[in-house]
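Keeping the supplied structure of chain A fixed, place chain B upon it in accordance with the hints.
Sequences listed follow chains A and B, in order. Residue numbers 1 to 218, in our numbering, belong to the letters of the first sequence in order. Residue numbers 1 to 178, in our numbering, belong to the letters of the second sequence in order.
Each hint can be trusted.
No more than 20 Å apart at the CA atoms, straight line, and that leaves these computed lysine to any residue pairs for SDA-like: (1) 110/B x 170/A; (2) 139/A x 140/B; (3) 165/A x 109/B; (4) 146/B x 81/B.
Everything labelled a hint here was simulated from the structure, so no lab data went into it. As the structure is a computational prediction, the values presented were derived from the model and not from experiment.
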Amino acid sequence: MLRDYSRAGGRRWPWSLACSPLPSSSPPRAKVTGSVPASGDGWEGVIVTPPITKPKATLTDTSGQPFDFQKETQGTVTLLYVGYTHCPDICPQHMADIADVLKTLPADVSSEIKVVFVTADPDRDTADVLRKWLDLFNKSYIGLRGTQAQVDDFQRQIGISPGTKEDLGSGNYSVSHAAFVIAYGADNAANLLYPAGVTKDTWIHDLTKLVREGWKES
Amino acid sequence: LKQLSLARGAAILGGAAVMLASLVLAAACGGDDSSAKTGAPTPARAAKLTVVDQRARATVNDTTSVYFTVKNTGAADRLLSVKADPEVAGVAQVHETVTEGSTMKMQEVKAGVEAPANGTLELKPGGYHVMLMNVKKPLSVGDSFKLDLVFEKAGTISIVVPVVQDVTATGSPATKAP
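Bound-form chain A, shown alone (with noise of 0.2 Å):
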């Protein structure tokens, strides 16, 4: 699908979604071509357009239950990222922001967020390895896993290139991931997306207001 990431927040960010040449295989992707400048009280994580739907799938958690993603997550603001645990940079990165940002928001916005981290290397991240490392951040983090083919098809319905190996030696490699956390609203549907570099400010900002007021464009 192609979608329109083109009116991101009130901050210019450094990275662009379109800097990158595609692969060749790869079907047309979104591109971001600038920002619009700040609306007063405006979204300053980068809109999506289309917004993205819940992936229709059950996946499995940590403890070995299935996890029906639309249904444990309805109604409810829903960050969701999909990584893995090898990654070393990129993805404890903003598991430990947000980690940080639940702990610097108000009880009554904090409680109202679930974070649902997806793994892209199933092979790796058994449901205890997956455990041990959300712990690290925050506990009350999910973490969902299933098949190679699930985590997959997962990827695919969120607009996600599924994660292609890259090896790199010695038995190592890495895996190619989301290059955002998505943001659902109570309302079920992803308006903004959250690209690596984004600040912790950014993050309070947004979400008092997505918990507070929902998403609506301003």
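Leaving out everything else, chain B in the frame of chain A:
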């Protein structure tokens, strides 16, 4: 006056930090005794590079990342490779995080990374990092380990990397609008 004695001041500060906090461990002042303090024979040609703000994430599996900043007051140089103590990690590579459409991935930077003339090379989350793989034993906050940085011109600079809780703490996020 402060500006006039900047170089000397930086050297003194660098030396002090080596002794006090192990935060600055490069050849801030070539030919002086700073190399003796690091225990590594730092060639005189390394004189223009200073490595600061090195830090690593704690491990939960056998991988982690290391970040640092290289300040270069001389001609352009290049970070070619990194070497970890085999007892710490089996593999150490310089990696780059790149975004491709809706996904991002890490890849090894085999050609090395430039430390620009009279500039700064910053390894930080979302950009360049050193990736340690096959880490031999868990690294926890408060631990530290040695890492050799191999530069094209400056040769090898040994740094001691502390494992910290928040790897963004010493670096600027630099995500503000220009």
